[in-house]
Amino acid sequence: MGNSNDLSSRINGAYSNLSKGQKLLASYITDHYDKAVFLTAAKLGQVVGVSESTVVRFATHLGYKGYPDFQRALEELVRNKLNSVQRMEVTYGRISQSKILESVLQSDAERIKETLEMISDDAFEMAVETILKARRIYVVGIRSCAPLASFLAFYLNMMFGDVRLLSTNSSSELFEQMVRISREDVIIGISFPRYSMRTLKAMEFANNRSAKVITLTDSVHSPMNLYSSCNLIAKSDMASIVDSLVAPLSVINSLIVALCMKKQGEVVQTLEMLEDIWDEYQVYENDEINVMDDSLKMRYARLGDENE
Numbered sequence: 001m002g003n004s005n006d007l008s009s010r011i012n013g014a015y016s017n018l019s020k021g022q023k024l025l026a027s028y029i030t031d032h033y034d035k036a037v038f039l040t041a042a043k044l045g046q047v048v049g050v051s052e053s054t055v056v057r058f059a060t061h062l063g064y065k066g067y068p069d070f071q072r073a074l075e076e077l078v079r080n081k082l083n084s085v086q087r088m089e090v091t092y093g094r095i096s097q098s099k100i101l102e103s104v105l106q107s108d109a110e111r112i113k114e115t116l117e118m119i120s121d122d123a124f125e126m127a128v129e130t131i132l133k134a135r136r137i138y139v140v141g142i143r144s145c146a147p148l149a150s151f152l153a154f155y156l157n158m159m160f161g162d163v164r165l166l167s168t169n170s171s172s173e174l175f176e177q178m179v180r181i182s183r184e185d186v187i188i189g190i191s192f193p194r195y196s197m198r199t200l201k202a203m204e205f206a207n208n209r210s211a212k213v214i215t216l217t218d219s220v221h222s223p224m225n226l227y228s229s230c231n232l233i234a235k236s237d238m239a240s241i242v243d244s245l246v247a248p249l250s251v252i253n254s255l256i257v258a259l260c261m262k263k264q265g266e267v268v269q270t271l272e273m274l275e276d277i278w279d280e281y282q283v284y285e286n287d288e289i290n291v292m293d294d295s296l297k298m299r300y301a302r303l304g305d306e307n308e
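Per the numbering used here, residue 1 is the first one in the sequence shown, and the count goes up by one each step.
Worth flagging that the hints you see were computed from the coordinates, not collected in a lab.
Given the structure is predicted, the values throughout are model-derived calculations rather than measurements.
Yeah, the Cβ is synthetic: ideal placement off N, Cα and C, and Gly gets one too.
Among the clues, some could well be false.
Mimicking DSSO-like on lysine-lysine, the simulated pairs with C-alpha atoms at most 27 Å apart in a straight line are [stated by the list, open to error]:
no., residue 1, residue 2
1, K113, K99
2, K20, K65
3, K20, K43
4, K201, K133
5, K133, K263
6, K23, K65
7, K133, K113
8, K35, K262
9, K23, K113
10, K65, K43
11, K113, K20
12, K35, K20
13, K35, K23
14, K99, K20
15, K35, K65
16, K35, K113
17, K23, K99
18, K133, K262
Restraint-style ranges between C-beta atoms, simulated for each label pair [to be verified]:
no., residue 1, residue 2, range
19, A14, K201, 54 to 62 Å
20, K133, A109, 32 to 40 Å
21, F124, P147, 16 to 24 Å
22, S107, A146, 16 to 24 Å
23, R180, K20, 31 to 39 Å
Modelling step: build the complete structure from the supplied sequences, incorporating the hints.
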């Protein structure tokens, strides 16, 4: 679990003896260590809602010489990143097994509620308009954000002629897929802590080519907003062993619905075309094995024999 001098161990060890203000600091640092590392003592106090002297006392209470010493330990923590097991222990260590379902669902519901309070209607409208006007739409999301990117791209593809889901095995591959991006295009970058440098680089590249950049991320302070003209903020909960991406998915659903309402004709056309394809190739309702007749089964069996 790392040595006993590391910051997270010290916080856990001292937690029960901390004052109310110090407990707020402990929670903030545990949940947002990647943001806290950039803050001065005064700024950290301001963000958490305690005085600067409370922050300094907190550092010395944990056994550091002063705030700079504490900040070095925080940098070390960011370098080592709290591993998933530590994060899970901090969040769910005191919860009994029977309460986990309730606790996680409750937490997800709260993330959606926080998102509703924070997200800007103007930014949302701007994102919809930008996507509608774009010649090409690029979508990028890496690691745990990849399913969000692929979900969004799947539905955009129903409405728009040129949607590109960037595959993200390496940075050079990313740039090769974006080589023709220009001012008529838009890129939608999805990234939550731990933030992805590859996603950020893709957005920087798009911005340098004067393309529109839309970000879906967790905070106005997210580095993902460096290059974006339009920031959609959704709360994620990084304290659990899995990143809660329920709120970002809700925002993506909202985008899809808003775009669908504006592109009804294209959606209907695409669905009718797909229905025809499904009928022709028997890929949808008729795909269940129990409706295949014996002659079809025999044909597949013969094909299998020939291929051996």
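Open item on the list: Need the list of violated hint numbers for this structure, in ascending order.
Closed with: 7, 8, 19, 23
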